[in-house]
Amino acid sequence: MLDDAQRWARTLEAEAALFEPLRPGARIGLVAESIVAGRSAPARELLVWERGPEGMRAAVEPYTGFESAAVDLLIALDDEALRAIDDAHGAGFARTLRRLVRGGHALFFARLPRAELEDAGYDDLLDEIGFAYLGTCR
Amino acid sequence: MLEGERKLPHLFRLGKLGRYTAPNLVKYGACCVSNYNTRDGYITPRELARTRVIAGTGCGIITNQGAYPDPRGEGKSYFRQVALYDDKFLPQFEIIARAIHDAKAVAIQQILHAGRYGGIDLGYCVQPSVVPQTLPHFRPPREMTKDDIRRCIAEHVDASKRAVHAGFDGVEVTSFMGYLLASFNSKFTNRRGDEYGGSIDNRGRFMRELIDAIKQALPDHPLVVRLNGAELMDQWGGNSEDECFELMKQAADTGVDMISITVGWQEAPESSIGRDVAPGQWNYLAARAKRTCPDIPIAFGNRLPSPVMANECIGRGEFDFWEVCRPLLADPDLIHKAREDRLHEVRRCIGSLNCLSRVFRDLPYTCTMNPALGHEVEPEYAITPAAVKKKIMVIGAGPAGMEFAITAAQRGHAVTIYERSDRIGGNLLGYASRDLARPDDLLSIVRHYEVMAAKHRVEMKFNTEANAKLMRSVLHQYDVCVVAAGARIDMEAYAHIEGRERLVDALDLAQGRVQPGKRVLVIGGGKIGLVLAESLAKAGAAVTVIEAEKRIAGDVMPTFKWRHSTWVEELGIAVRTSTRLVRVTAGGAVVADAKGVETALLADTVIAASPRKSNQELFAQFEWMVDELHGCGDALMPRGIDAAIHEGYRLGCRV
Chain A
0 MLDDAQRWAR TLEAEAALFE PLRPGARIGL VAESIVAGRS APARELLVWE
50 RGPEGMRAAV EPYTGFESAA VDLLIALDDE ALRAIDDAHG AGFARTLRRL
100 VRGGHALFFA RLPRAELEDA GYDDLLDEIG FAYLGTCR
Chain B
0 MLEGERKLPH LFRLGKLGRY TAPNLVKYGA CCVSNYNTRD GYITPRELAR
50 TRVIAGTGCG IITNQGAYPD PRGEGKSYFR QVALYDDKFL PQFEIIARAI
100 HDAKAVAIQQ ILHAGRYGGI DLGYCVQPSV VPQTLPHFRP PREMTKDDIR
150 RCIAEHVDAS KRAVHAGFDG VEVTSFMGYL LASFNSKFTN RRGDEYGGSI
200 DNRGRFMREL IDAIKQALPD HPLVVRLNGA ELMDQWGGNS EDECFELMKQ
250 AADTGVDMIS ITVGWQEAPE SSIGRDVAPG QWNYLAARAK RTCPDIPIAF
300 GNRLPSPVMA NECIGRGEFD FWEVCRPLLA DPDLIHKARE DRLHEVRRCI
350 GSLNCLSRVF RDLPYTCTMN PALGHEVEPE YAITPAAVKK KIMVIGAGPA
400 GMEFAITAAQ RGHAVTIYER SDRIGGNLLG YASRDLARPD DLLSIVRHYE
450 VMAAKHRVEM KFNTEANAKL MRSVLHQYDV CVVAAGARID MEAYAHIEGR
500 ERLVDALDLA QGRVQPGKRV LVIGGGKIGL VLAESLAKAG AAVTVIEAEK
550 RIAGDVMPTF KWRHSTWVEE LGIAVRTSTR LVRVTAGGAV VADAKGVETA
600 LLADTVIAAS PRKSNQELFA QFEWMVDELH GCGDALMPRG IDAAIHEGYR
650 LGCRV
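Protein chains in written order, with numbering that gives the first Met the number 0: chain A, 0 to 137; chain B, 0 to 654.
Chain A on its own, in the form it takes in the complex (with noise of 0.2 Å):
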């Protein structure tokens, strides 16, 4: 699921508006929660995002931790999640992902303050995926 970046990059492509204003350098990784909770998982492969000069591109690398994972922010989903976004591929991917993220399935790691993020151009992002709110006391 994770492990087809071509597929990804078509995906990436038909949401190409929600990825441009972040800058040249942005990295968006996605990997299966399991993974992420030190259970074992079939492969540990890290999906990223990378914002490129000419847009959006999709890219599978190795995931070894947190703290090496070199990416702005960190997708973890877990197993329903990974299914619906494997069905969700082309435009509409961002409304299942937002789903996703109101229900739990798709948790966020922030690598990033949110200062950071801003001015690396998440906001528009952030918000279309339901990300941008804080926690029991919002």
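It cannot be assumed that every hint is accurate.
Said to hold, decoys possible - A few chain A residues that don't get close to chain B, going by computed Cβ distances all over 10 Å:
id: 1; residue: M0
id: 2; residue: D2
id: 3; residue: A13
id: 4; residue: A15
id: 5; residue: E19
id: 6; residue: T63
id: 7; residue: G64
id: 8; residue: D85
id: 9; residue: R101
id: 10; residue: G103
id: 11; residue: A109
id: 12; residue: G120
To be verified - Capping the alpha-carbon separation at 25 Å, the derived lysine to any residue pairs in SDA-like fashion look like this:
id: 13; chain 1: B; residue 1: K145; chain 2: A; residue 2: G64
id: 14; chain 1: B; residue 1: K186; chain 2: A; residue 2: A68
id: 15; chain 1: B; residue 1: K186; chain 2: A; residue 2: G120
id: 16; chain 1: B; residue 1: K594; chain 2: B; residue 2: E622
id: 17; chain 1: B; residue 1: K549; chain 2: A; residue 2: S67
id: 18; chain 1: B; residue 1: K594; chain 2: A; residue 2: E12
id: 19; chain 1: B; residue 1: K214; chain 2: B; residue 2: Q234
id: 20; chain 1: B; residue 1: K549; chain 2: A; residue 2: D118
id: 21; chain 1: B; residue 1: K549; chain 2: A; residue 2: D122
id: 22; chain 1: B; residue 1: K594; chain 2: A; residue 2: A16
id: 23; chain 1: B; residue 1: K549; chain 2: A; residue 2: L17
id: 24; chain 1: B; residue 1: K594; chain 2: A; residue 2: D126
id: 25; chain 1: B; residue 1: K87; chain 2: B; residue 2: G72
id: 26; chain 1: B; residue 1: K549; chain 2: A; residue 2: D78
id: 27; chain 1: B; residue 1: K594; chain 2: A; residue 2: G91
id: 28; chain 1: B; residue 1: K336; chain 2: B; residue 2: A453
id: 29; chain 1: B; residue 1: K103; chain 2: B; residue 2: D330
id: 30; chain 1: B; residue 1: K549; chain 2: A; residue 2: R97
id: 31; chain 1: B; residue 1: K594; chain 2: A; residue 2: D122
id: 32; chain 1: B; residue 1: K186; chain 2: A; residue 2: D78
id: 33; chain 1: B; residue 1: K549; chain 2: A; residue 2: G120
FYI, nobody ran anything at the bench for these hints, they're computed from the structure.
We treat Cβ as the ideally placed atom computed from N, Cα and C, and that holds for glycine.
Given the structure of chain A, go ahead and fit chain B onto it with the hints provided.
Same frame as chain A, but now just chain B:
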């Protein structure tokens, strides 16, 4: 015995905390760091003035806001959090402890090490394991070594000793919300392989060692621990409720003198205390805590704003102390009013979370309902007798006008309100009744004004339109006129729209003058449009929101933006952003997107819910007809309840 004490007998019983006797069973909770202090942790005169109000609330136990215990600032999470890592901070703590004792309350100092959320002035935070936060507001984590743990315990002990030295009777430590101890307790954040990680016994070790160290150092002084009854993080791998209660037993067995039950982590995907959470929703956690630890006093108050409910719960043995904070921000006299059987005069906390919105943005906290909060040190915010008693006319009985009128009346002015409708409330009435969260909380604002207007003999003239003719009829009878006429939907903005005569004014719909059909377009995705859209969709209409900007909820308070987004999705409301109205037709409307592509949308009702325009015409009409002419609230600029109430109050204090 006062009548209120007779009606709420459990609340006003004496209580025990360790060897101390509390005059009642109300604990003021340290629910919010104020951000009133200096950046390097010193308490300011602003804070001291605020603390005197807190001391005067009448609570039997008062918990002072959390101080961070370490000189590095790893425990510091809030922009202007107070510090207790050195004796140099003691003088102001002594003043606070004295103020609390003068009010005959038990004084508790909270030690707050924010752990996962700390290090606000550093480039890192400390945690049991390197697990990044799931919100973007914090610093990258560093794993604590065992030496770090030992040092942290020692710093907590030293801070606790300082608190007692300053005069506090006991201390409270924080093991909830995702703060340091809680992050060790949780399997979501604690991935250690040593004796501080793994099993629940190991994960609770740091907490137990810290509790034990403080108890050994201060055996005669009560120690309170705040613990989660539910983290609301379980779907992400956090502790279950059963595990939370297992940790509670550990704390009890280690010798704490009180457990304060809380709900949720900052990162939890659901809210625990907003207006959309029903009061009493979390009471079952306190009841379970009481069954789990029957010999330890249990304090609780999450989403429990009512002293009547608290009294009943205590009477049933569900918890021992009502822990309350936010309702006392809104009305510091709440406990006194309860005691004096004046609950109808209480100004209710409406769960807007304005307080926390500001704290999380590094601002001093304020309260929508209490304009004086945070300004107690400023004489300009005090209600003092007016040097010159004036006759004042107020145009509009909405929140701004009512707030002004009641404040001015308390200062000795004679106030008359002219209101064109038949009751108090203004635009708030129509929209509040449609609020998807809890209409009763918003409508409590109106009821409060009705009670207080009567109490302070504010004269009400309903069904009276304010205009130049009225003014001429009362010429020279008033010294002051205050225009608090609110705002309207600016229908003139649609002057160029073909078919505009078919548009329905949002206010007409909100106030029931127009009945909508089953297929509705709402033009404007701000708070007015969203409230109407949500209430109509809930009633079964097919609703589409048309918003010209890139996002909806542009004028909504930060804490409610996500709520509206969620409700819109849950109710199946279609949203078209970056879209404008082109024309209104017999069958609906034509809209155009950002590229100018037009689409015809079917609808039997098209509602204009934006833009808003202040009702400012009276300023020009009355300028030469009265000695003093002022304005407040939406009549100056359309905003919301917070600005209306605060401006009305400030003006009332100054006229």
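Verification of the supplied hints:
No Cβ of chain B comes within 10 Å of the Cβ of A:M0; the nearest lies about 20 Å off, and the non-interface call holds. Taking the minimum C-beta to C-beta distance to chain B, about 23 Å, the non-interface status of A:D2 holds against the 10 Å cut. Listed as outside the interface, A:A13 is consistent with that label: its C-beta sits roughly 17 Å from the nearest C-beta of chain B, beyond the 10 Å cut-off. Residue-level check passed: A:A15 sits 15 Å from the nearest beta carbon of chain B, beyond 10 Å.
Residue-level check passed: A:E19 sits 12 Å from the nearest beta carbon of chain B, beyond 10 Å. In this structure A:T63 is separated from chain B by more than 10 Å, as the shortest Cβ-Cβ distance comes to about 12 Å. Taking the minimum C-beta to C-beta distance to chain B, about 8 Å, the non-interface status of A:G64 is violated against the 10 Å cut. Once the 10 Å rule is applied to beta carbons, A:D85 is consistent with being away from chain B; the minimum gap is 21 Å.
Non-interface call for A:R101 relative to chain B: violated, since the shortest CB-CB distance, roughly 7 Å, does not exceed 10 Å. For A:G103, the condition that its CB be more than 10 Å from all CB atoms of chain B is violated, with the nearest at approximately 4 Å. Interface exclusion of A:A109 from chain B breaks down, the closest Cβ pair being 4 Å apart, not more than 10 Å. Here A:G120 stays apart from chain B, with its beta-carbon at least about 13 Å from theirs, past the 10 Å limit.
Between B:K145 and A:G64, the direct Cα distance comes to roughly 22 Å. Compliance with the 25 Å bound is thereby established for this hinted pair. Only pairs whose Cα atoms come within 25 Å are accepted, and B:K186 paired with A:A68 is accepted, the gap being roughly 21 Å. For the hint pairing B:K186 with A:G120, the CA-to-CA distance comes to about 33 Å; that exceeds 25 Å, so the pair is violated. Note on B:K594 and B:E622: the hinted pairing is violated, with a Cα-Cα distance of about 46 Å set against a maximum of 25 Å.
Pair hint B:K549 plus A:S67 does not hold up; C-alpha atoms about 36 Å apart against a cutoff of 25 Å. For the suggested pair B:K594 and A:E12, the alpha carbons sit about 19 Å apart, so the restraint of at most 25 Å is met. For the suggested pair B:K214 and B:Q234, the alpha carbons sit about 35 Å apart, so the restraint of at most 25 Å is broken. Of the pairs offered as hints, the one joining B:K549 and A:D118 holds, with about 19 Å between alpha carbons and a cut-off of 25 Å not exceeded.
As the CA atoms of B:K549 and A:D122 are separated by approximately 12 Å, the hinted pair is consistent with the 25 Å bound. Only pairs whose Cα atoms come within 25 Å are accepted, and B:K594 paired with A:A16 is accepted, the gap being roughly 14 Å. Restraint check for B:K549 and A:L17: satisfied, since their Cα atoms lie roughly 12 Å apart, inside the 25 Å limit. Using a Cα cut-off of 25 Å, the hinted pair B:K594 and A:D126 holds, with the two alpha carbons roughly 22 Å apart.
Among the hinted pairs, B:K87 with B:G72 is consistent with the structure: their alpha-carbon atoms are about 16 Å apart, no more than 25 Å. Distance restraint check for B:K549 and A:D78: the Cα-Cα separation of roughly 33 Å exceeds the 25 Å cut-off, and the hinted pair is therefore not satisfied. Note on B:K594 and A:G91: the hinted pairing holds, with a Cα-Cα distance of about 20 Å set against a maximum of 25 Å. With a C-alpha separation of about 17 Å, the suggested pair B:K336 and B:A453 falls inside the 25 Å cut-off, and the hint holds.
Our distance criterion of 25 Å between C-alpha atoms is met by B:K103 and B:D330, whose separation comes to about 20 Å. Between B:K549 and A:R97 the CA atoms are separated by roughly 17 Å; this keeps the pair inside 25 Å, and the hint holds. Proximity of B:K594 to A:D122 is assessed by CA-CA distance (about 22 Å); at most 25 Å being required, the pair is judged to hold. In summary, the hint linking B:K186 to A:D78 is supported, as the alpha carbons are separated by about 20 Å, within the 25 Å threshold.
Proximity of B:K549 to A:G120 is assessed by CA-CA distance (about 15 Å); at most 25 Å being required, the pair is judged to hold.
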